[in-house]
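K.L.:
The lines below spell out each chain.
Protein chains: 2
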Amino acid sequence: MHKLDGLPERVTVYEVGPRDGLQNEKAVIPVEVKAEFIDRLAAAGHTVIETTSFVHPKWVPQLADSGELLAMLQRRPGIRYPVLVPNLKGLDRALESGVEEIAVFASATETFANRNLNRGLESQFEMFEPVIAGALEHGLKVRAYVSMVFGDPWEGPTPIEQVVGVGARLLDLGCFELSLGDTIGVGTPGHATALVEAFGSPERLAVHFHDTYGQALANTMAALKAGVTVVDASTGGIGGCPFAGSATGNLATEDLVWMLNGLGIETGLNLDELVATSVWLAERLGRPSPSRVVQALSQKALSQKD
Amino acid sequence: MHKLDGLPERVTVYEVGPRDGLQNEKAVIPVEVKAEFIDRLAAAGHTVIETTSFVHPKWVPQLADSGELLAMLQRRPGIRYPVLVPNLKGLDRALESGVEEIAVFASATETFANRNLNRGLESQFEMFEPVIAGALEHGLKVRAYVSMVFGDPWEGPTPIEQVVGVGARLLDLGCFELSLGDTIGVGTPGHATALVEAFGSPERLAVHFHDTYGQALANTMAALKAGVTVVDASTGGIGGCPFAGSATGNLATEDLVWMLNGLGIETGLNLDELVATSVWLAERLGRPSPSRVVQALSQKALSQKD
Numbered sequence: 001m002h003k004l005d006g007l008p009e010r011v012t013v014y015e016v017g018p019r020d021g022l023q024n025e026k027a028v029i030p031v032e033v034k035a036e037f038i039d040r041l042a043a044a045g046h047t048v049i050e051t052t053s054f055v056h057p058k059w060v061p062q063l064a065d066s067g068e069l070l071a072m073l074q075r076r077p078g079i080r081y082p083v084l085v086p087n088l089k090g091l092d093r094a095l096e097s098g099v100e101e102i103a104v105f106a107s108a109t110e111t112f113a114n115r116n117l118n119r120g121l122e123s124q125f126e127m128f129e130p131v132i133a134g135a136l137e138h139g140l141k142v143r144a145y146v147s148m149v150f151g152d153p154w155e156g157p158t159p160i161e162q163v164v165g166v167g168a169r170l171l172d173l174g175c176f177e178l179s180l181g182d183t184i185g186v187g188t189p190g191h192a193t194a195l196v197e198a199f200g201s202p203e204r205l206a207v208h209f210h211d212t213y214g215q216a217l218a219n220t221m222a223a224l225k226a227g228v229t230v231v232d233a234s235t236g237g238i239g240g241c242p243f244a245g246s247a248t249g250n251l252a253t254e255d256l257v258w259m260l261n262g263l264g265i266e267t268g269l270n271l272d273e274l275v276a277t278s279v280w281l282a283e284r285l286g287r288p289s290p291s292r293v294v295q296a297l298s299q300k301a302l303s304q305k306d
Numbered sequence: 001m002h003k004l005d006g007l008p009e010r011v012t013v014y015e016v017g018p019r020d021g022l023q024n025e026k027a028v029i030p031v032e033v034k035a036e037f038i039d040r041l042a043a044a045g046h047t048v049i050e051t052t053s054f055v056h057p058k059w060v061p062q063l064a065d066s067g068e069l070l071a072m073l074q075r076r077p078g079i080r081y082p083v084l085v086p087n088l089k090g091l092d093r094a095l096e097s098g099v100e101e102i103a104v105f106a107s108a109t110e111t112f113a114n115r116n117l118n119r120g121l122e123s124q125f126e127m128f129e130p131v132i133a134g135a136l137e138h139g140l141k142v143r144a145y146v147s148m149v150f151g152d153p154w155e156g157p158t159p160i161e162q163v164v165g166v167g168a169r170l171l172d173l174g175c176f177e178l179s180l181g182d183t184i185g186v187g188t189p190g191h192a193t194a195l196v197e198a199f200g201s202p203e204r205l206a207v208h209f210h211d212t213y214g215q216a217l218a219n220t221m222a223a224l225k226a227g228v229t230v231v232d233a234s235t236g237g238i239g240g241c242p243f244a245g246s247a248t249g250n251l252a253t254e255d256l257v258w259m260l261n262g263l264g265i266e267t268g269l270n271l272d273e274l275v276a277t278s279v280w281l282a283e284r285l286g287r288p289s290p291s292r293v294v295q296a297l298s299q300k301a302l303s304q305k306d
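Just so you know, the sequences run in chain order A and C. Residues 1 to 306, numbered by the UniProt record's numbering, are exactly what the first sequence covers, in order. Residues 1 to 306, numbered by the UniProt record's numbering, are exactly what the second sequence covers, in order.
Chain A extracted, bound-state conformation (with noise of 0.2 Å):
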């Protein structure tokens, strides 16, 4: 272990697997492993899992069970259980289950706006503005994300200003933490520290890169630099990759706590746990985890038993 000046502590990783890792299976994962998935991390140190969506079924079908697994799972307490919500229909849904905590979903330039939320930059925020004071209005906290906030497939890199101009005015609107998502894994570190630095403080922002180019823990590093304590991961590296399939999506919850306890961060995370519930969902979806530590590790266990 090899403290390095100018780092945090402690980091949060905000677990995003069981939806941002799941939404795009194709195959209907049963609720009944999705429950014990959520629970799995619960198990293995995670203080925030973002559980399912209340997204319209017809966008994403596989999460088209949320509110049955709210219903079956068993929150434990302490633990935060936020879900993505759309709109208010998805707002009334979720205060039906219980959700204490949303997160509400904004893009950063106008084609994907257009494209993922059939609006634009600015009229996106017609659809949050009503979601998060109804939220607010019900004690739930909110949490945002900005996704392409260095760049997108349509209109190549994304201005900063763009980036903190769409960012500031969901924080003005009360949410209390921002997460700017590096959706299609574009970014580079200097890139990223540029971000942060650009919205004055780091104290409301969270980072959610993406491994489609390999950058996303290099990117991490910059953003812990710059004073980021808030990291988005996803259990072995499942989800979120618009170019690459399955392999390279999102940063793998794995190898973001491999650096960091090697960094002498505390997580509070248990890492052998946090692999054992990879290579168990992997069995269930499949296919292999794409998370390199995963892979390493359950590797090895497996030669050792030679």
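Derived by calculation from the structure, the hints in this document are not laboratory data. The model shown is predicted, which means the values in this text are computed figures rather than measured ones. For each residue, glycine too, the CB sits at the ideal point set by N, CA and C. The reader is advised that the hints may include incorrect statements.
[As the list claims (entries may be wrong)] Residues from chain A that face chain C, not an exhaustive set, calculated with beta carbons under 7 Å: (1) 90; (2) 263; (3) 292; (4) 296.
[Said to hold, decoys possible] Calculated cross-link-like contacts (lysine-lysine; reagent style DSBU-like; alpha-carbon spacing at most 30 Å): (5) 3/C to 26/C; (6) 3/C to 300/A; (7) 26/C to 300/A; (8) 58/C to 141/C; (9) 141/A to 58/A; (10) 26/C to 89/C; (11) 58/A to 300/A; (12) 26/A to 89/C; (13) 3/C to 300/C; (14) 58/A to 89/A; (15) 58/A to 26/C; (16) 26/A to 89/A; (17) 58/C to 26/C; (18) 3/A to 3/C; (19) 26/A to 3/A.
[Claimed, not checked] These stretches of chain C come out as covered by chain A in the derived footprint (C-beta under 8 Å, 3 or more residues): (20) 43–55; (21) 187–198; (22) 286–300.
Given the coordinates of chain A, assemble chain C onto it according to the supplied hints.
P.N.:
What follows is chain C alone, placed relative to chain A:
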């Protein structure tokens, strides 16, 4: 492109694909393919390409054609084509082939010295000393690798002073460059910083990170910040992993260049040509490149053809 304070303006990528990348391939690769591979790398802008090894063919059958390869290769002016040389016999063969630069391979741990070199941590120098002296006598440049610098599979973490002891001695023997090798990929950024700083000056240091646990680029960032300007990498990430098969071994040149390009650090390398070479090589090796950049860019190219 977003620069970051405290990083070098320019980095030399020391390409190890033809030697370190190919040496563990089971199926024999035709010497003509190797020559074309190396020439493609030169055409893509590489200035230093570790070409082959004059190790005994019994140990590395894949590189038994080293003399033939060097005779066939059209060496371009201004480009270095170093070769690995384990002993005096290998040095003689390298000299016969008109080699101008060699590399020797040392261990930072007792157990790996025993297993890989059949010597101890101390007695391994009996192998190197005559090779280095003989090479210098003939006007050759000598690079030294030190392997297992962060840990090995038998002894756990390697004490930093032990690495510095082995490395400093190799530099004292006249090696112009010392490549610090994380042979099993267990290092994290704080450890990388501590090791580079322990040498006192980064001027003659290079780093050789493996991506077994996904840490190679984060570690590279740490090394660059500590003043290192030479980074080893392997085309498409081929080779180099003792545990996880072909999936996660050497740092992929393309993943490194993506990061350096994003940081505005000059390499002189053409990323598109590197990716095309990795795709070409993957076809000859019969499996996809493990590089995330190669996977993403080649799938993007395919999807744009649709």
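K.L.:
Indicate, hint by hint, whether the structure satisfies it.
P.N.:
Hints versus structure:
1. 90: violated, 31 Å
2. 263: holds, 5 Å
3. 292: Since chain C brings a Cβ to about 4 Å from residue 292/A, closer than 7 Å, the hint holds.
4. 296: holds, 5 Å
5. 3/C to 26/C: violated, 42 Å
6. 3/C to 300/A: violated, 38 Å
7. 26/C to 300/A: holds, 21 Å
8. 58/C to 141/C: holds, 26 Å
9. 141/A to 58/A: holds, 26 Å
10. 26/C to 89/C: Within the cut-off at roughly 25 Å; holds.
11. 58/A to 300/A: Violated - the C-alpha atoms of residue 300/A and residue 58/A are around 42 Å apart, more than 30 Å.
12. 26/A to 89/C: violated, 58 Å
13. 3/C to 300/C: Given pair residue 3/C, residue 300/C holds - Cα atoms ~26 Å apart, limit 30 Å.
14. 58/A to 89/A: holds, 14 Å
15. 58/A to 26/C: violated, 49 Å
16. 26/A to 89/A: holds, 25 Å
17. 58/C to 26/C: Satisfied, since the Cα-Cα distance of roughly 13 Å is no more than 30 Å.
18. 3/A to 3/C: It holds: about 24 Å lies between the C-alpha atoms, which stays within 30 Å.
19. 26/A to 3/A: violated, 42 Å
20. 43–55: It is violated: at least three residues are needed, and the stretch 43–55 of chain C offers just 0 whose Cβ sits closer than 8 Å to chain A.
21. 187–198: holds (count 7)
22. 286–300: Our answer is that it holds, as 7 residues pass the Cβ test (under 8 Å) against chain A, meeting three.
When each numbered hint is compared with the structure, violations occur for hints 1, 5, 6, 11, 12, 15, 19 and 20.
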